[in-house]
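Asker: First to last, the protein sequences are chains A and B. All the letters of the first sequence, read from the start, carry residue numbers 0 to 321 under numbering that gives the first Met the number 0. All the letters of the second sequence, read from the start, carry residue numbers 0 to 321 under numbering that gives the first Met the number 0.
Treat the hints with care, since some could be wrong.
Unchecked claim - Derived pair list, reagent style EDC-like, types lysine to aspartate or glutamate, alpha-carbon separation capped at 20 Å:
no., chain 1, residue 1, chain 2, residue 2
1, A, Lys54, A, Glu91
2, A, Lys229, A, Glu270
3, B, Lys218, A, Asp4
4, B, Lys229, B, Glu147
5, A, Lys218, B, Asp96
6, B, Lys229, B, Glu176
Think of the hints as simulated: they come from the structure by calculation, not from any bench.
There are 2 protein chains.
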Amino acid sequence: MGEFDLIARYFTRPAQRALLGVGDDCALLQPRPGTQLAISSDVLVAGRHFFADVKPESLGHKALAVNLSDLAACGARPLAFTLALSLPQVDEPWLADFSRGLWALADAHNCELIGGDTTQGPLNICITVLGETEGQPLLRSQAQPGDELWVSGSLGDAHLALQGLLGRLPVSAALLEQTRQRLERPTPRVALGLALRGIAHAAIDLSDGLVGDLRHVLKASGMGATVQAKLAARLLTAQHHPDWPAVGSTALAHVLAGGDDYELCFTAPPEAHEAVLQAARLTQTPVTRIGRIEAEHGLRLVDAQQQPLPLTVASYDHFAHP
Amino acid sequence: MGEFDLIARYFTRPAQRALLGVGDDCALLQPRPGTQLAISSDVLVAGRHFFADVKPESLGHKALAVNLSDLAACGARPLAFTLALSLPQVDEPWLADFSRGLWALADAHNCELIGGDTTQGPLNICITVLGETEGQPLLRSQAQPGDELWVSGSLGDAHLALQGLLGRLPVSAALLEQTRQRLERPTPRVALGLALRGIAHAAIDLSDGLVGDLRHVLKASGMGATVQAKLAARLLTAQHHPDWPAVGSTALAHVLAGGDDYELCFTAPPEAHEAVLQAARLTQTPVTRIGRIEAEHGLRLVDAQQQPLPLTVASYDHFAHP
Numbered sequence: 000m001g002e003f004d005l006i007a008r009y010f011t012r013p014a015q016r017a018l019l020g021v022g023d024d025c026a027l028l029q030p031r032p033g034t035q036l037a038i039s040s041d042v043l044v045a046g047r048h049f050f051a052d053v054k055p056e057s058l059g060h061k062a063l064a065v066n067l068s069d070l071a072a073c074g075a076r077p078l079a080f081t082l083a084l085s086l087p088q089v090d091e092p093w094l095a096d097f098s099r100g101l102w103a104l105a106d107a108h109n110c111e112l113i114g115g116d117t118t119q120g121p122l123n124i125c126i127t128v129l130g131e132t133e134g135q136p137l138l139r140s141q142a143q144p145g146d147e148l149w150v151s152g153s154l155g156d157a158h159l160a161l162q163g164l165l166g167r168l169p170v171s172a173a174l175l176e177q178t179r180q181r182l183e184r185p186t187p188r189v190a191l192g193l194a195l196r197g198i199a200h201a202a203i204d205l206s207d208g209l210v211g212d213l214r215h216v217l218k219a220s221g222m223g224a225t226v227q228a229k230l231a232a233r234l235l236t237a238q239h240h241p242d243w244p245a246v247g248s249t250a251l252a253h254v255l256a257g258g259d260d261y262e263l264c265f266t267a268p269p270e271a272h273e274a275v276l277q278a279a280r281l282t283q284t285p286v287t288r289i290g291r292i293e294a295e296h297g298l299r300l301v302d303a304q305q306q307p308l309p310l311t312v313a314s315y316d317h318f319a320h321p
Numbered sequence: 000m001g002e003f004d005l006i007a008r009y010f011t012r013p014a015q016r017a018l019l020g021v022g023d024d025c026a027l028l029q030p031r032p033g034t035q036l037a038i039s040s041d042v043l044v045a046g047r048h049f050f051a052d053v054k055p056e057s058l059g060h061k062a063l064a065v066n067l068s069d070l071a072a073c074g075a076r077p078l079a080f081t082l083a084l085s086l087p088q089v090d091e092p093w094l095a096d097f098s099r100g101l102w103a104l105a106d107a108h109n110c111e112l113i114g115g116d117t118t119q120g121p122l123n124i125c126i127t128v129l130g131e132t133e134g135q136p137l138l139r140s141q142a143q144p145g146d147e148l149w150v151s152g153s154l155g156d157a158h159l160a161l162q163g164l165l166g167r168l169p170v171s172a173a174l175l176e177q178t179r180q181r182l183e184r185p186t187p188r189v190a191l192g193l194a195l196r197g198i199a200h201a202a203i204d205l206s207d208g209l210v211g212d213l214r215h216v217l218k219a220s221g222m223g224a225t226v227q228a229k230l231a232a233r234l235l236t237a238q239h240h241p242d243w244p245a246v247g248s249t250a251l252a253h254v255l256a257g258g259d260d261y262e263l264c265f266t267a268p269p270e271a272h273e274a275v276l277q278a279a280r281l282t283q284t285p286v287t288r289i290g291r292i293e294a295e296h297g298l299r300l301v302d303a304q305q306q307p308l309p310l311t312v313a314s315y316d317h318f319a320h321p
């Protein structure tokens, strides 16, 4: 099977909303008047972002999910995406599975595949996603003093699964089975991001871990924050599993260091507290308040008695973790 | 140097036209009313699209050039691009050279870097470019019977250089030096593409070779074509070099099989002949008429006496040339 047959078989559908989809030199989109276009690119590399033996269907899901998560963090509605795929060889069962995972998530978000590129090379998946925003987008730079600090869903389970798969922690098969779903099939919080427009101030998606990503928000906003350790520690789902104690680590460590969660971390004024909970209910997305934005720079972790706790975890950096 | 320092040092500039550039979850663009957005992605893989020892400055140029060439083929004006870069390690001199080549071409086309991704992995460069079109874009599907068939610039020199570098043809150092410029630093014909709006019917950029890419146009348009071998053969610049005879192959073979030329192949009605030449003059881009579009399906090559010649060259297919 050649390049063009491959594209035709696995990655081509008639254009729906796009003026022109796969098959010409460019795709064409007609943005709606009054909207801005939100654009983000994310790349997944074998051996770095996923294990070589991951299910290709999960990989197709995740490659798009991490991009949709960026749209969610801006409060943007997904429109379309391009896929640039480097493959060692044409493996039809792999392509069938990969594309099934990709299409399923794309359909769930009404996000159209409009173009891309396919080439022979080490496995590398680069997706660029396009969305539309109206009014004020959610930006990293908009956190205000006094804002409540929120996180969607659960945190740290993906990190726990990764540590288990790497053999760094004794994670039982049952616990691994549960947590690796979070690592391999993250849920982009698109509906929540849309519902938070006009309610939240700042937002970011948590791909590199809570501490590292929250620091991006604080830096961009010129703010500081205090996180309640007890509230944050509750975010690890794995601690409710019967096998959890045998792992021998703390829930807080996984929540803070994290990575690969693709939850939203956002700030909103205290008077919007009920509106945040309402947005969460409407979109069926759990949210937890874990702290507060403050004018004093720096990130502080405190216990239930408001006493400072050490905060030594680092964020994920692709070139610092070779 | 970590991921975020790398992005800050080599790939961040203040947003100009974009509402938001590098540094948040998404970039934001405000398309002008009445325009459509043209989008294209191209990926370059080490060992497949370029030699490992290519000058990084040339690579930065080429990675963007092949994307701008897609915009040119639609008659779109470049706006912005994202860069997803996988690198084996942080090599600062390499990054400085690569980014210099990238910025130089971006600046020449007023095309802004608005976001992307950086990760550790086998060298892989994925660029997604965004442009704007107004009115009727140039599409592969618009060729009409009787249209004249045109090509910009020269064809086949990049192919000759590649054959020389691969040791498949005896290309002298002097001839290689001249032709590898065409391979490593292609010129995207953006200005010509813009000038041909409203004049040309169909267009495509020649990345996989004249025969293969022209067949895409014919298939999309439901047309056939006859190419004059004598006119096409003139497109190889290398044949005027004193070392050319020693190569021992025909100009026509390089022109037809080609690849990596990034010239425009386009069709326009005979009554637009002067308008095409005027567009070429205004944009200082040579153009050559090499044949004609016909209702009869198929691609035909004929000699000066209109006698058929064999047409056996294949187009480049990434999975058929392992």
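Asker: Please go over all the hints and tell whether each is borne out by the structure.
Answerer: Evaluated hints:
1. A/Lys54 to A/Glu91: 14 Å, holds
2. A/Lys229 to A/Glu270: 23 Å, violated
3. B/Lys218 to A/Asp4: Between B/Lys218 and A/Asp4 the Cα gap is close to 14 Å, so the pair holds against 20 Å.
4. B/Lys229 to B/Glu147: Given pair B/Lys229, B/Glu147 holds - Cα atoms ~16 Å apart, limit 20 Å.
5. A/Lys218 to B/Asp96: 30 Å, violated
6. B/Lys229 to B/Glu176: Violated - the C-alpha atoms of B/Glu176 and B/Lys229 are around 26 Å apart, more than 20 Å.
When the structure is compared with the earlier hints, violations turn up for hints 2, 5, 6 and for no others.
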